[in-house]
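Undergrad: Chain by chain, the residues:
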Amino acid sequence: MVTAQTFVGLLPEILAFLFSMSVLMIGVFSPRSTGLVAGLAAFGALATFVTTVVLLLTRFEGEFFGGAYVVDDFALYFKLIVAVSAFFAVLAAARWSGRTGDAPEYLTLILSVAVGAMLLVSMRDLFGVFVAIELATIPSYALVAFDRSRRESSEGGMKYLLTGVLASSVLLYGIVLIYGAAGSADLAEIAGSFTGRLTPVALLGLVLLISGFAFKLSAVPFHFWTPDAYQGAPTSAAAFLSVAPKAATFAILLRILLEGMPAAAPTWTAVMAFLAILTMFVGNLFALRQRNVRRMLAYSSVAHSGYILAAFAALQGAGVERAVQAVLIYMAAYLVMNLGAFFVIDLVGEEAKTYNGLFKTRPGVALCMVVFMAALVGIPPFSGFFGKLWVIIAGVEAGSAVTYVVVGTVVLNSVLSVPYYFGIIRNMFFEEPATDAAEPKGVGAVKFSVYTLAIATTVFILFVGPLAALARISGLG
Amino acid sequence: MITTLTIFLPLAGAILMLLLPRVTDERTVRYWALGAAAVPFLLVVYVYFAHRGSLDARSLTQSFDWIPSLGIGYRVGLDGLGFGMFFLTALLTLIAVVASWDIRENLRQYFAILFIAEVGMLGVFAAQDLVLFYVFFEITLIPMYLMVGVWGDENRRPAAVKFFIYTFLGSTVMLAGFLALGILSGPNFSIAALDGGGNLSRAAQIGIAAPILFGLLVKVPAVPLHSWLLDVYVSSPTSTNVVLSGILPKLGTYGLIKIAVPLLPQGVEPFLPLVAALGAVNILYGSFVAFVQPDLKALVAYSSIGTLGFILLGISSGNAVGLNGAVMQQVTHGLYSALLFILVGIIAARAGTRRISELGGLAARMPWAGGLLVLGALAAMGVPGLAVFVSEFMSIMGGYTAFPVQGVLAAVGILTGAMYLLYMLRRTVFGPIPHDRPELAKATDAGPIEMAAIVPLALLLVVLGVFPGLLIGVQQPAVETVLAAIGGS
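Respectively, the protein sequence lines represent chains A and B.
Residues in the first sequence are numbered consecutively from 1, following my numbering.
Residues in the second sequence are numbered consecutively from 1001, following my numbering.
Keep in mind the hints are simulated off the structure, nothing from the lab.
Hints are not guaranteed to be accurate.
With a straight-line cut-off of 27 Å between C-alpha atoms, the simulated BS3-like cross-links for lysine-lysine are [what the hints assert, rightly or not]:
no., chain 1, residue 1, chain 2, residue 2
1, A, Lys353, B, Lys1162
2, A, Lys353, A, Lys447
3, B, Lys1162, A, Lys360
4, A, Lys447, A, Lys360
Just so you know, these numbers come straight off a predicted model, no measurement behind them.
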């Protein structure tokens, strides 16, 4: 039954949706008013954020549509992450999309992805999950292919679309098999019917489900679309797609596994450990070879998916609670550092050599980039360190031989990632500046985002206590 | 509160440096930097005179929850183990600012980065929580990387990268050990609460101690793990050398004394003979390699690496004499190696070369610089009357009691040390001025700014040599606590 409560619970999504539609309508009737639509979109993201904060502060909880849609602290936490990244993506996109003259469409697409991602984290029904994933993914195909002035953009969009559709069908196949085996798509009922050993059908369903998610999370060996899509996409879109939909997908995977298949945990933690190790190594080793910063960050985002999957491997024994917190904290840390690193590309350029001598010509931007790179390596006091801290602690607490190996791999990979992140720092500080190092004009909003995110990445250390408390109450189960 | 203030004041200094207008002339920048470095130093001096008998005073310690669910807290406080280095960090940063005459470009940024490194270094010596210790430990990493890489000489880039990879590998492995220790005992990361190893089994302690020791020994560096160091020392500017040789190695040795030994007494125990042996190897290897160095700076660098061995020997001894010697050697080593590195910088700037074979007769043209070089070299040899003698002697005595073979080898190291240092002095300070070096014949003595950088160091070497009780009195109670932790297990 739809009550007023339902509307309150859906208010963040409703707001984001209304704003995205208004942005689109204004674009239809007044295509020239870039500033207005950008402001409206940013305000929409902000309103969504504030609403979510209020829901979180009032400890709003509820189940709607017969239990298929749930609003709890866990879901709200990830909605916050989506809303914040949408806000920064809109800010950073305003100038670029205004220049191409397609601001309304572009910003509408970003908000639509956000709506899909926010709905996704609340789903408790596998078919709802599928619908929400598609809701978030379909606009993102368009986002990747949006830059018509660059061939890579169409190429990346095409590759993303083809692999994405394949992944969706694999995912749907998995969902259907699980539905068939359990007789229900509701997570609680699935958990009730999967108590003993998994039947072959259920096991196949689980494997296909995880494979479908692995595509969306760019986990190795399902990551091939990632570098092309991120290289082709407009920078703000690449930044946004590497954080918001990914955070939501991790969240819902966590919910499905913990609420829907707790009995099968030994099986899926083993699969996750395998995926995590593979993803970390492949992401980092390929990133080492890149000379294009965008591609490098794409592989880096693959590697970071691996670090988060390492937390999934620790979802066993005494490590469950901490592992859930690890995913929550890692996503918050990753949000600020990764968005910032991508936005710097907009300010400087995507070829590694454009960073030469940046410290001499634009010390402020160079210092921000140092912060992001150090954070991505996981060096304290920056945010990324705390993500890894929780992942390692969860692994140690889980206490099985496998998780110790995974923890060792996390440590090893952090060192392995130093050369490519610090290659950028090396270029910025140790090389002589290129001749045409002038700052592009009209990048105020991007610069504001970069500085804000750099500060957030740095002062993360002061707020990690409250964040940990929030992650604690937002845990599942 | 005073401790926290002292740690974070340099951060304000760094921000101040970055906020100074771009057009500020060099002189003004230097004065501001001097002021920013002087304030923490004066605070530490105040702490010494007001609280040297009661470093655990409430006004010096601070403790509150940071991440309660993990038992991680912001816990800082001073004790005798760290106070000497806390003082030395503030002093050497001040001296590094004075000795920054060879930094010409991007001066404001240089000072800002130096001050950020100071935050990390001060923090390490005051941290009373494992995770906080690690955070401060790593804060020094990027600043040092940039100081070497941006302002060093032509070989700086590979040196800086090598430095970074080695020490980051070491510290990451160390972190894994810290986390295992903290989680298996609680989770609780308070150093005070973990004292004595708690209820961990011997096997668990050994398993945890191994990565921690590895990480700390890379940082020191103990000899087989030292290959990153020489290039870094030789290609850094003088001012960076002061911090790099005076303080950074002590992050490793201090970690051994403060964390590895008292927190994991049973886990460290099987490794102690090895640590003592590494100490002896450091001493002997350092002096033999220094003997054949054609470059004065490389000689000083190897000498500096070598005498770190006394600290390792003293730590491994596990008795009061040896530990006191080790804690004190951390400070005296910093004093003398900073002095020698600055003097090398002064001499090289005038002679236009650092090759020992092209130098000579410095005493004639530069009596002060030459004389202080003699003093620094005598200190490095461990001549009685100078501070290094006291600490080296105590380390050897303590080490000999515990491990006779390693102790004797270390004593032999004093002899070989004297050989290469005297040989170096004969070729540089004394003898005729080489004819093919007209710069040397015209060289002027150290100027007032240069004297301001070296005289305090020389004075402290003499004062602490005559009155070692000034330092040992402060560190004694803390050393006894460590002994209790070892004995009580």
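Undergrad: Confirm or reject each hint.
TA: Results of checking the hints against the structure:
1. A/Lys353 / B/Lys1162: holds (21 Å)
2. A/Lys353 / A/Lys447: holds (20 Å)
3. B/Lys1162 / A/Lys360: Roughly 23 Å separates the two Cα atoms, so the pair holds.
4. A/Lys447 / A/Lys360: holds (18 Å)
Consistency with the previously given hints is maintained throughout, with no hint failing.
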